[in-house]
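Colleague: Below, each chain spelled out in residue letters.
Protein chains: 2
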Amino acid sequence: MANWKNLDTYAAYKELQGTKGTVKIAEAMAGEAGAARVQKYSAKMAADMAFNYGAKEVDDAILASMQKLADEAGLTEKFEELYNGAVINSGEKRLVLHQLTRGQLGKDVVADGINKREFYVNQQDRIADFAKRVHAGEIANGKGEKFTTVVQIGIGGSDLGPRAMYLALENWAKKNGAFKMEAKFISNVDPDDAAAVLASIDVAHSLFILVSKSGTTLETLTNESFVKDALKKAGLDASKHMIAVTSETSPLAKSSDYLAAFFMDDYIGGRFSSTSAVGGAVLSLAFGPDVFARFLAGAAEEDKLSKNTSIFENPAMLDALIGVYERNVLGYTATAVLPYSQALSRFPAHLQQADMESNGKSVNRFGEPVSYVTGPLIFGEPGTNGQHSFYQLLHQGTDIVPIQFIGFKESQCGVDVDIQGSTSQQKLCANVAAQIVAFACGKKDENANKNFAGGRPSSIIIGKQLTPEALGALLSHFENKIMFQGFLWNVNSFDQEGVQLGKVLAKKVLAHETDGALRCYSDLLNI
Amino acid sequence: MANWKNLDTYAAYKELQGTKGTVKIAEAMAGEAGAARVQKYSAKMAADMAFNYGAKEVDDAILASMQKLADEAGLTEKFEELYNGAVINSGEKRLVLHQLTRGQLGKDVVADGINKREFYVNQQDRIADFAKRVHAGEIANGKGEKFTTVVQIGIGGSDLGPRAMYLALENWAKKNGAFKMEAKFISNVDPDDAAAVLASIDVAHSLFILVSKSGTTLETLTNESFVKDALKKAGLDASKHMIAVTSETSPLAKSSDYLAAFFMDDYIGGRFSSTSAVGGAVLSLAFGPDVFARFLAGAAEEDKLSKNTSIFENPAMLDALIGVYERNVLGYTATAVLPYSQALSRFPAHLQQADMESNGKSVNRFGEPVSYVTGPLIFGEPGTNGQHSFYQLLHQGTDIVPIQFIGFKESQCGVDVDIQGSTSQQKLCANVAAQIVAFACGKKDENANKNFAGGRPSSIIIGKQLTPEALGALLSHFENKIMFQGFLWNVNSFDQEGVQLGKVLAKKVLAHETDGALRCYSDLLNI
Chain C
25 MANWKNLDTY
35 AAYKELQGTK
45 GTVKIAEAMA
55 GEAGAARVQK
65 YSAKMAADMA
75 FNYGAKEVDD
85 AILASMQKLA
95 DEAGLTEKFE
105 ELYNGAVINS
115 GEKRLVLHQL
125 TRGQLGKDVV
135 ADGINKREFY
145 VNQQDRIADF
155 AKRVHAGEIA
165 NGKGEKFTTV
175 VQIGIGGSDL
185 GPRAMYLALE
195 NWAKKNGAFK
205 MEAKFISNVD
215 PDDAAAVLAS
225 IDVAHSLFIL
235 VSKSGTTLET
245 LTNESFVKDA
255 LKKAGLDASK
265 HMIAVTSETS
275 PLAKSSDYLA
285 AFFMDDYIGG
295 RFSSTSAVGG
305 AVLSLAFGPD
315 VFARFLAGAA
325 EEDKLSKNTS
335 IFENPAMLDA
345 LIGVYERNVL
355 GYTATAVLPY
365 SQALSRFPAH
375 LQQADMESNG
385 KSVNRFGEPV
395 SYVTGPLIFG
405 EPGTNGQHSF
415 YQLLHQGTDI
425 VPIQFIGFKE
435 SQCGVDVDIQ
445 GSTSQQKLCA
455 NVAAQIVAFA
465 CGKKDENANK
475 NFAGGRPSSI
485 IIGKQLTPEA
495 LGALLSHFEN
505 KIMFQGFLWN
515 VNSFDQEGVQ
525 LGKVLAKKVL
535 AHETDGALRC
545 YSDLLNI
Chain E
25 MANWKNLDTY
35 AAYKELQGTK
45 GTVKIAEAMA
55 GEAGAARVQK
65 YSAKMAADMA
75 FNYGAKEVDD
85 AILASMQKLA
95 DEAGLTEKFE
105 ELYNGAVINS
115 GEKRLVLHQL
125 TRGQLGKDVV
135 ADGINKREFY
145 VNQQDRIADF
155 AKRVHAGEIA
165 NGKGEKFTTV
175 VQIGIGGSDL
185 GPRAMYLALE
195 NWAKKNGAFK
205 MEAKFISNVD
215 PDDAAAVLAS
225 IDVAHSLFIL
235 VSKSGTTLET
245 LTNESFVKDA
255 LKKAGLDASK
265 HMIAVTSETS
275 PLAKSSDYLA
285 AFFMDDYIGG
295 RFSSTSAVGG
305 AVLSLAFGPD
315 VFARFLAGAA
325 EEDKLSKNTS
335 IFENPAMLDA
345 LIGVYERNVL
355 GYTATAVLPY
365 SQALSRFPAH
375 LQQADMESNG
385 KSVNRFGEPV
395 SYVTGPLIFG
405 EPGTNGQHSF
415 YQLLHQGTDI
425 VPIQFIGFKE
435 SQCGVDVDIQ
445 GSTSQQKLCA
455 NVAAQIVAFA
465 CGKKDENANK
475 NFAGGRPSSI
485 IIGKQLTPEA
495 LGALLSHFEN
505 KIMFQGFLWN
515 VNSFDQEGVQ
525 LGKVLAKKVL
535 AHETDGALRC
545 YSDLLNI
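Taken in sequence, the protein lines are chains C and E.
Sequential numbering from 25 applies to the first sequence in the working numbering.
Sequential numbering from 25 applies to the second sequence in the working numbering.
The shape of chain C in the complex, shown without the other chains (with noise of 0.2 angstroms):
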């Protein structure tokens, strides 16, 4: 059994607040001794990809102190336990089950009394038979028209991931020939958002999938009557148009009103389910299930370096040490997420859900109250957007803000234009490259103004292009790190009570059960 202990505790953690300082990130970096580093610091990761770390506030000797940390807290043997089917989510008495919607990293794991590889493998053929049959226009509208848009509905881990994984293949799948249907989402409670989304498609056309795990979460049961409502006034059959993604006991699970239902369970976090059948039936109508196969094969690949023990062949638990390093020994309180890469747009902000929600913790796994700080604040935008946007408080900010770059040497559409002798491609690889180093080292300047002071320390992930099996893999690495952090952390970072006081106190408001603060805010919203 894995000895759960709060990070404090470890003497590695202590020799690690010992080095605060002695990397000079800025000096470290000059001249050939950087170059170094950028080349001897790389882990590899998977479909093609690589994890830098040269301009980290790292050294030998820091980093041997994280494999040392890496190893008292037992962090492989934590994961695993949780791949072989322990109860890794103490606070809801769960099992943490999502890697084994693509891969078997360790023994079978049998719930419920039923082994849960085959039972999400089986959702996978499930669903993949379906999108084959709408693709081939077997199952179609009333009038048998094949469908061409399909819109989730869900919101939080149904939506972010989902949303940004479709993002980031939209375009390599049309140039690939692999696109099949438009997706869409409606996530908001507001109105605004579903009579917007609805406004621009054509409903006689289109396939709703309903995504909610426990088949009660009020959004989206408030937009699927939303949809039902649409369809009804096209004078169209809503159960003729609708899927559910949710889970065997819901009350969605055997309801007439969808053409059929897809499963996931209660093993898999609504943050961590874009490679279960949340994503899955949306991914693989939307680019087919072949596609859907190559973003979980990408997966599986990258989760099976997370058993490794050494840091060095195990990137996400590098990953993982760096940012606590960061958080707990050097004090930053944020990490920037900046992907070169506009298909990548709304893949900070998932990783913000998975990342915020997961490890925004106070207490550790046993209920009692860290004294050292947890999860940082996610956010990013991707470059080089954000460079005329946010990073002028990056570079000379009075906060050092640590990133995480990511960049691809291939565009994915394949369509460029030379100007001043470069692509397009070669000024956005150029410019993340630059920013590495303008972050790092800086540059004197006798006009303070001018000045950079450097000492700002990166990341890059590097990969070929962004593939299916590359987004697979980023994906897991960011997982994998989240999970590695929570166990250096001592919290559960599959649970997420910090959402439900909100809940409870806005079904007060429409039940006008209020008094004092609460009945004002309620009376100046005309609630």
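Derived from the structure by calculation, the hints contain no laboratory data.
A portion of the hints provided could be inaccurate.
As the list claims (entries may be wrong) - Listed below are the simulated DSS-like cross-link pairs for lysine-lysine, each with C-alpha atoms no more than 30 angstroms apart in a straight line:
1) K433(E) <-> K488(E)
2) K198(E) <-> K208(C)
3) K468(C) <-> K198(E)
What the hints assert, rightly or not - Facing chain C, from chain E, some residues (calculated, C-beta under 10 angstroms):
4) L222
5) A254
6) Q377
7) S382
Unchecked claim - On the chain E side, residues computed to face chain C include the following (Cβ under 10 angstroms):
8) M25
9) A26
10) K29
11) N30
12) G294
13) L525
By construction, the Cβ of each residue, glycine as well, lies at the ideal position given by its N, Cα and C atoms.
On the provided structure of chain C, position chain E as indicated by the hints.
Modeller: For chain E alone, kept in the frame of chain C given last:
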């Protein structure tokens, strides 16, 4: 002349430092005393809106000290100098005149021999005339057919603000018969951005707006070539499909490559340019010049409030003071902007630039390093989506993140459904009301994992509906808040020297003039 001094030299600032921790929000907001705070702590804004700060960590004593600080720092005096045409952008030796695009707050401002208000109004009139002729089909494509789509090519301030404003009013315009043309935006140098936008439109009926003040922005010129290539391949004459928004001295100003050119100048920073021709061209084409005029009117009305010396009648100044108090006295590092309005989905991204690029500085306006923290990290997503994402950390994380909520009583589209006894709009409003109180008051629970400590401050701007006037007022509020904060921190909020180094290094990479770490990263990215 105003007295430009560092924040830590003001007596009132020292007074404020002594108040740290004197207001316990969880207690202050409880019961009828909390209700009294919500009723009392509200400042009127333009367009029937109000800034409510009941749930901020202030009380009468702290507010009195804030008033002293505002007076001591001469905030209204400094604003007066700004709108009367002083060289407030000290680094670049420029006036700061974006307020003049929407009204005349003080004396005539004459620069470069011309009355600047007349100049901006003249550009608005030229744009209005041009837009009307496009809408009437008098200005049409080569075949004499109407343009149906307008595409803005720009980055940073030429993209984020106009895009956020377009999205904010798109559904309102559709509902109110003001929707003239769909707008799209190309910003990133990533070739997949332009390729995807071009693939999604009918280029033969598209009008492109090239936006670059200097006429030399690399991303924008590259994307212009990208678009010209596409037009050429479609057998179209690019000069019949393009207009420019630029400065009169730029190479684009009198080029025959464009159907027309509309002007801004060096006195309007990119991030403050939504009310200039930069926002004016695309918004007037999309929604008609009357809607753009209403947007300007809302901003002008709100600007007038920023002249008031009483902080209780100057919501932007009060918001600025509260933000500085949270940053420098209470020690919070970030601010979340959370609009309960899907239409404001990109408003936080715009504010992220406007705020972080303006006040993410480490030196004061005299080029001397400051010894206090300046601009915070700004991020946000619309509610209720955020509730199902990063709110976990905001409620139960180890850091406190102050929040800026925005909410409206009515939706824009007016389409709604009644589920479980309430409409979607009521649910949306109930949620924001509930969140304010949940963050402020928390809720004790014996299970520490379900315990909410509360004490997390927020403000809310409440409006009737997100109309053009309301949007203008919102924009003005935040622009002026940022300006007042810059005055308090004594930084120049109107330059952005921090973006230069990356540009210089990117050019070196493209010219293959690199060594050390930069050469290695260039190699890894195959440049």
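Colleague: Taking the closest Cβ pair, is S382(E) under 10 angstroms from chain C?
Modeller: Constraint on S382(E) satisfied, holds at 8 angstroms.
Colleague: Under 10 angstroms, Cβ to Cβ, is where K29(E) needs to be relative to chain C, so tell me if that hint holds or is violated.
Modeller: violated, 17 angstroms
Colleague: Does N30(E) pass the interface check with chain C, least Cβ-Cβ distance below 10 angstroms?
Modeller: violated, 13 angstroms
Colleague: Taking the closest Cβ pair, is L222(E) under 10 angstroms from chain C?
Modeller: This hint holds: L222(E) lies near chain C, its Cβ roughly 8 angstroms from the closest one there, short of 10 angstroms.
Colleague: Holds or violated: is the Cβ of M25(E) closer than 10 angstroms to a Cβ in chain C?
Modeller: Where the cut-off is 10 angstroms and the nearest Cβ of chain C is about 21 angstroms from M25(E), the hint is violated.
Colleague: Quick one, are K433(E) and K488(E) close enough, alpha carbons at most 30 angstroms?
Modeller: Within the cut-off at roughly 5 angstroms; holds.
Colleague: Checking hints one by one. Is L525(E) an interface residue toward chain C, by the C-beta closer than 10 angstroms rule?
Modeller: With Cβ-Cβ at 4 angstroms, under 10 angstroms, it holds.
Colleague: With a cut-off of 30 angstroms on the C-alpha distance, tell me whether K468(C) and K198(E) pass.
Modeller: Roughly 52 angstroms between the alpha carbons, so the hint for K468(C) and K198(E) is violated.
Colleague: Just to be careful: measuring from the Cβ of A254(E) to every Cβ in chain C, is the smallest value less than 10 angstroms?
Modeller: holds, 9 angstroms
Colleague: Verify the interface restraint on G294(E): the C-beta must sit less than 10 angstroms from at least one C-beta of chain C.
Modeller: holds, 8 angstroms
Colleague: Given the hint that K198(E) pairs with K208(C), does the C-alpha gap stay at or below 30 angstroms?
Modeller: holds, 19 angstroms
Colleague: Less than 10 angstroms between beta-carbons is the criterion; does A26(E) satisfy it with respect to chain C?
Modeller: Violated, because the Cβ-Cβ distance from A26(E) to chain C comes to roughly 20 angstroms (cut-off 10 angstroms).
Checked against the numbered hints listed earlier, the structure breaks hints 3, 8, 9, 10 and 11; every other hint is satisfied.
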